[in-house]
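The primary structure of each chain is shown beneath.
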Amino acid sequence: MTVAEKQIKKFSVKLGWDLLWERYGIATVVLIAWVIAFFFVPNFRNPDNMLNVIRQSAFVGCAAVGMTIAIISGTFDLSVGSTLALSAYLGLMVVSTTESVLLAILVTVLVAMLIGLINGLLITKVGISAFITTLGMSFIVRGLSYIISKGGEPVRYNAKAFIWWGNGSFLRIPIPFIIFIICALAGWFILKKTPFGRYVFSIGTNEKAAKVAGVPVQRTIIFIFIIVGLFTGISAFLIGSRLYSAGPGLEPGFELSVIAAVVLGGTRLAGGRGSILGTIAACLLYATMGNILNLLHADAFVQRVAVGMILLLALSIEGIRQRIFEHSSRRITTLEIEPNSNEYQGGQA
Amino acid sequence: MIDENNEIILGVQGLTHHFPGIVALKNVNFDLHKGEIHALVGENGAGKSTMINIIAGVLQPSSGRLIINGSPTTFQNPSDAQQAGISVIFQEFNLVPQLSVAENIFINREPTRFGMIDWKKMNEKASEVLKRLKIDIDPRLTVSSLSIAQQQLTEIARGLAFNAQVIVMDEPTAALSEREIDQLLSIVKSLANEGVSVIYVSHKLEEVFKVADRITVLRDGVRIITKNASEVSEDDVIFAMVGRALIHGRCPERKLGPVVLSVKNLNVDNFIKDFSMDLHQGEVLGLGGLMGSGANRVIEALFGLRDSYVDELTLDGSALAINNPRDAIHSRIGYVPNDRKKDGLLPDLSVKHNISIGIIERLKKVFWIVAENEQEITETYVNKLNVRCTSINQRILNLSGGNQQKVILARSLAEECNVLLLSEPTRGVDVGAKAEIYSLIDSLVDSGMAVILQSSELNEFIRLANRVMIFSSGQVKGELTGDQITEESMMALATRV
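Sequences listed follow chains D and R, in order. Residue numbering for the first sequence follows my numbering, starting at 1 and increasing by one per position. Residue numbering for the second sequence follows my numbering, starting at 1 and increasing by one per position.
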């Protein structure tokens, strides 16, 4: 029995390493990338540049917090790109006519949450799949923003109180990054500390069993989409403020960047597992790579190729890692049964 | 009965297998005569699966050897074993559901003509094999349209089509009803009469004694006994398996209290019509019947998993409406589903989170979970139910079947339910855990819980229930209490049309 227990310990340590990699792997990669860039990429170590990197990470980052919650529950939202454009546009219209930043924040966020609510209702009450619902919604919302803007003219507004949110700093730390970290803390709290968060994980790992265990599946899914809207709205406001403007064609492919960041951060697309920390790290990694390529004077198209390659590389490492781990975890499963029956015997003898 | 002089077709000598750091098999000897049915029994983790996997060529032993027809052999992979005439039917089917029965039987070895599959020949050959097994299945049907029992038989047919000399069956009756089990057992017997040797792996001793010529018991990777089935009793075998005698037999005296749950005219799916019952405090009411008889639907309807219509449903005298599992849990009705993997486990979550999921809203302050309370409650139940895990933060998927089942039970208990609906509470659970679950149910009922039990094992009713209602095609065919509850009386009612 003692031998068996030692073995279990040995393997739990292995298991621990695996969990460590799952939790902190991508964060480690970011640190390594920073260290390398710090020494080898000209101008990267300039503090202003590094602050710029973390500022850039926030725009995708806030929306990625919401998307992390959605993907952990086993669903996702393809409409966040269009939602971003419409809500940012409406927010800018409001701020440019009323000059009230508070009202602009409210409109931007509420519009995005309303779209989330509609998504959630269609998925749960009508029963259309999340893929189709949010794909359809992304066309509708994008179309609506072109219709409202009467052909695509962006709205501009550059009052200081407004552009401060995207461009300002507090104690040199960029405001968008502070907001991103607040969003991430909120997301972490929701996932780890509230019953709702527990429901998100349960639905993601086994929806039927979650239902049998009394989880309010439909209500949870509706809330998930509202939360995705909330965080997308925050991203929309920050981007509008950063650019002093917003048009209906804002940030094409934004939804895919967001999903890519979440998946790169180690959240499993099938649901049940994932972390906000991974998402933060992945957003920082994207921003860092973009920045390095800029500093090396690579053009925007090369940057796209690079982003795609990072994603594929990261996920193939993940795939290989999981295959290796599944192999050893199968062993662990058998191992743990054996000593159990040993213990049992021990108790009887 | 086997003849001592009969040739040994498969021998295993000094078989030892190490998994990293663990000895799964220790110096095991085993032999199989021609035409013999040799049962291999043991608790989960006793080493049965390891041994089957070695015989099937899936694993290579650390030491020891296999002797086939008198000559030492090593298998590098499963197809070597197949070549040697060994066919293994694993618990999980290896059938392709979208293909026909004939295609599955001849998968990878389809008879061809001009490089194309010769459908006519394949179907004819498949019919031949099926006829030999006295199975009435059209080989052109797709496997997904077959019942579980028919799929099981298709697996066996596939084994035979390889001209297998040895068939290894791993828990072949886990998903079958009583009647289907009998059919399967008679097929196994007739195979043996034709000279095929069978290694029969099972938890269910009743079946083992029905078919086996000899019985080998493994415990902790060591062979404990090999005996002719006629020379040992069931209790001897259980003793060998668990290392102690198991309290078997009838249910203890139940002290019934007032009516807790009362159902008047429950209708489910146009199948269950006007089902009524009163469940008392301290009672274990069995709902029995063959597979598909409707007993399970009643339980699912009571838990809000099926649409149903009921004239009157009262809990402790007050009317009640249950539209979904959430309503049921709020009314302190708990449920342990029969398909643990599909309906019970939250596989990626820890033991702790699996237990607390039903009460997580009761554990919150303002809107966050109070971690200490969650820890305390889950630890209480893990200790009470003797769940064996390295920590409550261990993933539930890494526990053995019996311990997973205890966690699912703990979930209902943590909900502090007064009525517990148990559907196959000991399916896929080893003998030791089974005994623990039985005595747990006894103590719960003693302290005033009311239980509705649905099971396909008649022994379970005899052991636990003070009253049994037997269903057949959606209707209650009779009610038995106390000493009336015997296998014969229950079967008689269950088979009444």
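One or more of the hints may lead you astray.
[To be verified] Below 25 Å or equal to it, Euclidean Cα-Cα: the simulated BS3-like pairs (lysine-lysine) are: (1) R:LYS364 <-> D:LYS193; (2) R:LYS342 <-> D:LYS208; (3) D:LYS211 <-> R:LYS364.
Hints are computed from structural coordinates only; laboratory data are not their basis.
The hints, checked one at a time:
no., hint, result
1, R:LYS364 <-> D:LYS193, "holds, 9 Å"
2, R:LYS342 <-> D:LYS208, "holds, 7 Å"
3, D:LYS211 <-> R:LYS364, "holds, 20 Å"
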